[in-house]
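Trainee: Once you've looked at the hints, dock chain R against the given chain U.
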Amino acid sequence: MNKCPEQIVHYMHEYLDGDISGEHEQELKTHLASCPSCQQHMHELSKVAAFVQSASHISAPNGFVEGVTARLPKETSKVGMKR
Amino acid sequence: MDALVNKRIKEVLKGDQNAFAEIVELYQDKLYRVCFRMLGNKHEAEDIAQEAFVRAFINIHTFDTKRKFSTWLYRIGTNLCIDRIRKKKPDYYLDAEVSGTEGLNMYSQIAASEELPEDQVMKMEMQDRVQYEISRLPDKYRAVIVLKYMEDLPLQEISEILEMPLGTVKTRIHRGREALRKQLSNM
Chain U
1 MNKCPEQIVH YMHEYLDGDI SGEHEQELKT HLASCPSCQQ HMHELSKVAA FVQSASHISA
61 PNGFVEGVTA RLPKETSKVG MKR
Chain R
84 MDALVNKRIK EVLKGDQNAF AEIVELYQDK LYRVCFRMLG NKHEAEDIAQ EAFVRAFINI
144 HTFDTKRKFS TWLYRIGTNL CIDRIRKKKP DYYLDAEVSG TEGLNMYSQI AASEELPEDQ
204 VMKMEMQDRV QYEISRLPDK YRAVIVLKYM EDLPLQEISE ILEMPLGTVK TRIHRGREAL
264 RKQLSNM
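As given, the protein sequences belong to chains U and R, one line each in that order. For what it's worth, the working numbering labels the leading residue of the first sequence as 1, then goes sequentially. For what it's worth, the working numbering labels the leading residue of the second sequence as 84, then goes sequentially.
Treat the hints loosely; a few may be bogus.
To be verified - Pairs of lysine to aspartate or glutamate residues, derived as EDC-like cross-links and limited to a Cα-Cα distance of at most 16 Å, are as follows:
| hint | chain 1 | residue 1 | chain 2 | residue 2 |
| --- | --- | --- | --- | --- |
| 1 | R | Lys253 | R | Glu240 |
| 2 | U | Lys29 | U | Glu14 |
| 3 | R | Lys171 | R | Glu127 |
| 4 | R | Lys253 | U | Glu14 |
| 5 | R | Lys223 | R | Glu201 |
| 6 | R | Lys151 | R | Asp85 |
| 7 | U | Lys47 | R | Glu261 |
| 8 | R | Lys93 | R | Glu105 |
| 9 | R | Lys113 | R | Asp130 |
| 10 | R | Lys113 | R | Glu134 |
| 11 | R | Lys170 | R | Asp130 |
| 12 | U | Lys74 | R | Asp99 |
| 13 | R | Lys171 | R | Asp130 |
| 14 | R | Lys149 | R | Glu201 |
| 15 | R | Lys253 | U | Asp17 |
| 16 | R | Lys151 | R | Asp166 |
| 17 | R | Lys253 | U | Asp19 |
| 18 | U | Lys74 | R | Asp85 |
| 19 | R | Lys125 | R | Asp112 |
| 20 | R | Lys170 | R | Asp222 |
| 21 | R | Lys265 | U | Glu44 |
To be verified - Residues from chain R that keep clear of chain U, each with C-beta distances beyond 10 Å, as calculated:
| hint | residue |
| --- | --- |
| 22 | Leu163 |
| 23 | Asp222 |
| 24 | Glu240 |
What the hints assert, rightly or not - Just a few of them, taken from the derived set where beta-carbon distance is under 10 Å, the chain U residues facing chain R:
| hint | residue |
| --- | --- |
| 25 | Asp19 |
| 26 | His41 |
| 27 | Lys47 |
| 28 | Val48 |
| 29 | Val52 |
| 30 | Ser54 |
| 31 | Thr69 |
These are calculated hints, taken from the structure and not from any lab test. The beta carbon of each residue, even a glycine, is placed where N, CA and C say it ideally should be.
Isolated chain U, as found in the complex:
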């Protein structure tokens, strides 16, 4: 890995962010084709995304809306009300 250009890892992240220029992408692909250790690095970074996304299905608990409503300041419901 020592002889790999420093910017390659940076290009990997640009690629994963969908934020890479055509030029950088070409350089990345050319390098990956000839470098197993950077391929491995790229593979692990791609796995991170899949791993994190595998747990994105969560819903608010029952009664959440009622909980918010109960915490709202009461008097604002009557605009202009004065004591």
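Mentor: For chain R alone, kept in the frame of chain U given last:
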């Protein structure tokens, strides 16, 4: 969705609290999910997400309806989460009630900085494992990773939510992703 939300906001501004309940209904899952991922604890996530909606209600007159409501709401929510994480004592959860709380287990009670023995980590359910690894991320990477990967938000919107330059968001995502890669290298 934004047109409907803006209509409801106008009704809220006229004093109709029921219209606000409809807004909460629409966004509760999104906001709760982000809070849960940031905080790693269901009770805290519910508390903070509800507090975020209360603050949105109180400050609704400051929302610019030309902008995206979810961006504004996420900003309130993530700020509250970051405050809570910073205030949290390391042993905050240790004596918290676990029995009878549906879906809660010891792993969702582990504070961010604690290390578990490797064999325990390997036995975790996927959901808990993801949460555990995210909770081990340094605070400043956690928010960007959650917004980017769990909510699938564009980098520009993350930059608006967290009120930091786009370049900073990118750097933090890169570092957060490298940190997770290292944490997961034993999988």
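Trainee: Decide, hint by hint, whether the structure agrees.
Mentor: Here is what the structure says about each hint:
1. Lys253(R) / Glu240(R): Status holds; Cα separation ~12 Å.
2. Lys29(U) / Glu14(U): Cα-Cα ~13 Å, so holds.
3. Lys171(R) / Glu127(R): Holds: Lys171(R) and Glu127(R) sit about 11 Å apart, inside 16 Å.
4. Lys253(R) / Glu14(U): It holds: about 9 Å lies between the C-alpha atoms, which stays within 16 Å.
5. Lys223(R) / Glu201(R): violated (25 Å)
6. Lys151(R) / Asp85(R): holds (7 Å)
7. Lys47(U) / Glu261(R): holds (11 Å)
8. Lys93(R) / Glu105(R): holds (13 Å)
9. Lys113(R) / Asp130(R): holds (15 Å)
10. Lys113(R) / Glu134(R): At roughly 14 Å apart (the allowed maximum being 16 Å), Glu134(R) and Lys113(R) satisfy the hint.
11. Lys170(R) / Asp130(R): Given that 16 Å is the threshold and the Cα spacing comes to 15 Å, the pair holds.
12. Lys74(U) / Asp99(R): holds (12 Å)
13. Lys171(R) / Asp130(R): At roughly 14 Å apart (the allowed maximum being 16 Å), Asp130(R) and Lys171(R) satisfy the hint.
14. Lys149(R) / Glu201(R): Between Lys149(R) and Glu201(R) the Cα gap is close to 49 Å, so the pair fails against 16 Å, i.e. violated.
15. Lys253(R) / Asp17(U): holds (8 Å)
16. Lys151(R) / Asp166(R): Judged against 16 Å, a Cα distance of about 23 Å means the pair is violated.
17. Lys253(R) / Asp19(U): holds (10 Å)
18. Lys74(U) / Asp85(R): violated (27 Å)
19. Lys125(R) / Asp112(R): Given pair Lys125(R), Asp112(R) holds - Cα atoms ~13 Å apart, limit 16 Å.
20. Lys170(R) / Asp222(R): holds (12 Å)
21. Lys265(R) / Glu44(U): Holds - the C-alpha atoms of Glu44(U) and Lys265(R) are around 9 Å apart, at most 16 Å.
22. Leu163: Nearest chain U Cβ is 13 Å from Leu163(R), so the label holds.
23. Asp222: holds (17 Å)
24. Glu240: holds (13 Å)
25. Asp19: For Asp19(U), the interface hint holds, since the closest Cβ of chain R sits about 7 Å away, which is under 10 Å.
26. His41: This hint holds: His41(U) lies near chain R, its Cβ roughly 8 Å from the closest one there, short of 10 Å.
27. Lys47: holds (7 Å)
28. Val48: Holds - the Cβ of Val48(U) comes within 10 Å of chain R, reaching about 5 Å at its closest.
29. Val52: Hint holds; Val52(U) Cβ to chain R Cβ min 4 Å, cut 10 Å.
30. Ser54: holds (6 Å)
31. Thr69: With a closest approach of 6 Å, the Thr69(U) hint holds.
Checked against the numbered hints given earlier, this structure breaks hints 5, 14, 16 and 18; the rest are met.
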